[in-house]
Amino acid sequence: MSTLFEQIGGEAAVDAAVNKFYRRVLADDRVNEFFEGVDMERQAAKQKAFLTMVFGGPHNYTGKDMREGHRHLVQRGLNDSHFDAIVENLGATLKDLGVADDLIAQVAAIAETTRDDVLDR
Amino acid sequence: MTFHFEGRKIQAAQGETVLDALLRSGEPVGHGCKAGVCQACLVRVQSGPVPPKARQGLALPVAEQGGALSCCLKADEALDLQPFREEDLPWVAAKVTRVRHLSPDVIEVKIEADLAVRPGQFLRVKGEGMERAYSVAETTGSLHAFHIRLIPGGQMSALWAQVQPGAALTLQGPFGRSVYDPAHPDRPLLLIGSGTGLAPLWGVLNDALAQGHRGAISLYHGAASSAGLYYRDELEAMVGVHYVPCADAVTDPRDRPGSPLAQALQDHPDLTGYAVYLCGSPGLVNAAQRQCFLAGADMQDIFSDPYVPQGVKA
Ligand SMILES: Cc1cc2nc3c(=O)[nH]c(=O)nc-3n(C[C@H](O)[C@H](O)[C@H](O)COP(=O)(O)OP(=O)(O)OC[C@H]3O[C@@H](n4cnc5c(N)ncnc54)[C@H](O)[C@@H]3O)c2cc1C
Ligand code: HEM
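Residue numbers (the numbering used here), protein chains in the order written: chain A, 103 to 223; chain B, 26 to 339.
The reader is advised that the hints may include incorrect statements.
Claimed, not checked - With a cut-off of at most 30 Å between alpha-carbon atoms, the simulated DSS-like pairs for lysine-lysine come out as follows: (1) K197/A / K122/A; (2) K122/A / K166/A; (3) K148/A / K151/B; (4) K122/A / K78/B; (5) K78/B / K120/B; (6) K148/A / K166/A; (7) K148/A / K197/A; (8) K78/B / K99/B; (9) K99/B / K166/A; (10) K120/B / K148/A; (11) K34/B / K78/B; (12) K166/A / K78/B.
Calculated from the structure, these hints are not laboratory results.
Throw the hints in and build the complete structure from the sequences for me.
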């Protein structure tokens, strides 16, 4: 049985999704303020790291990394509604790319496991 | 086994990654995904084996300068590594060979320096107790050209205003990623800049033509007034380049009024598949990054150099 990451399409799927996903996020007034002033060149790699992680691909981020990496955003008001918006944009991106609903649900489930860490609770 | 990092011997286990060995030895290297994606663990390889995976996704000039992802390097006796700190590049001596005016307040300064630079990158120049960045508009062998705007009251500008052929300079570099990539000869190029932001664009443009670029090339150059649009005649005469001069205060009928960004997006509303180069005032460059991305250009295909003033703290 292949892994979720392989079923979605691996690194190629990350490459295909990264610009579509980040374009959606930047166009989304619910969350784009958190990405204000973030350098575009460095973003590509960071967004790929995010997608690889939620696609179930290889990474070594810990819950502590997620907590520390988003704490400055929590201090700026990051909450459940923003988290939901990111997951929604993620789902819409994957749907656009023709990924099957059950795989999208598995991606959303992985994202869900990080909620308390990302929101620092 | 051991390898070298900044001259220090680092102990590593067989099969261990360089990043893991560095972290275990207490070296303060950045790191994130540890899987070759986030690029946080970049190091400079002086010598030793680098698998392709360790350079995957790196910008061309970063890879050329020895950059590699330490999470994808296997510990190896032959590896000699440095932190990837650009400020560590050596300072080299240079000589001014020619100075001429391109417009009332822009000069071209040609220099001779033993540096391998790609057109579009920038160098740092030492002044009296300060350093300033200048983009390389032309480079052939050891000869390089800057376009420099003389800013009234500017510290470095005061030195440039007096510079003569034969003057000695001290330079460091190259820096920056805004270079032509010959791997994509057919994609359209959109170049947007203001003032001396034309310097790297001129460099990229000529490099693209010299390397046989086949896709369309469009250049939108803006200035406060028509008189500031230097290189106008050269650009108008250039075959294979769609040149659009823009000015806030138009006094030349050939110029379009307003911002080069607005003009460019009006002509090119869909930037899917484009490479975009943005240089000049930070306000223009930052707005353009975002707008060009939302118009369809991909993140990794947007190259920008905001001319952030270094004399004032941001
Ligand atoms: C990556 C990079 C590449 C650059 N490439 C070039 C180049 O190719 N050609 C070039 O001419 N400059 C370039 N610059 C800008 C250059 O580095 C200096 O900032 C500029 O020459 C002014 O230096 P100064 O010492 O004369 O002025 P400073 O003494 O630093 O500043 C004097 C005053 O002028 C203001 N000021 C500074 N820059 C500008 C500006 N561009 N427009 C209006 N006001 C300004 C400052 O805010 C300050 O109030 C580049 C900057 C960067 C970061
Ligand atoms: C859905 C769960 C989430 C996961 C798994 C996740 C994961 C990640 C990862 C892996 C990184 C890169 C870290 C690095 O190596 O530098 C990152 C950075 C970032 N994330 Fe998240 N994230 C999530 C939710 C969110 C949300 C809800 C927001 C804001 C609305 C957000 C905003 C950011 C920002 C702004 C950065 C930093 C960019 C930078 O510093 O350049 N993230 N995230």
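Given pair status - K122/A, K197/A, alpha carbons within 30 Å: holds, 11 Å
Proposed proximity, K166/A with K122/A (alpha carbon, max 30 Å): Holds, at about 28 Å.
Pair hint K148/A and K197/A, alpha-carbon separation not exceeding 30 Å: With a Cα-Cα distance of about 22 Å, the restraint between K148/A and K197/A holds, given a limit of 30 Å.
K78/B paired with K120/B [C-alpha distance capped at 30 Å]: Violated - the C-alpha atoms of K120/B and K78/B are around 40 Å apart, more than 30 Å.
30 Å Cα cutoff - pair K166/A, K78/B: holds, 27 Å
Restraint check for K99/B with K166/A, where alpha carbons must lie at most 30 Å apart: holds, 26 Å
Given pair status - K78/B, K122/A, alpha carbons within 30 Å: holds, 24 Å
Restraint check for K148/A with K166/A, where alpha carbons must lie at most 30 Å apart: holds, 17 Å
Holds or violated: K78/B to K99/B, with C-alpha atoms at most 30 Å apart: holds, 11 Å
Holds or violated: K120/B to K148/A, with C-alpha atoms at most 30 Å apart: violated, 41 Å
Pair hint K148/A and K151/B, alpha-carbon separation not exceeding 30 Å: Distance ~34 Å between K148/A and K151/B Cα, so the pair is violated.
30 Å Cα cutoff - pair K34/B, K78/B: Answer holds: K34/B to K78/B is near 24 Å, not above 30 Å.
Violation of the numbered hints given earlier is confined to hints 3, 5 and 10; the remaining hints are satisfied by the structure.
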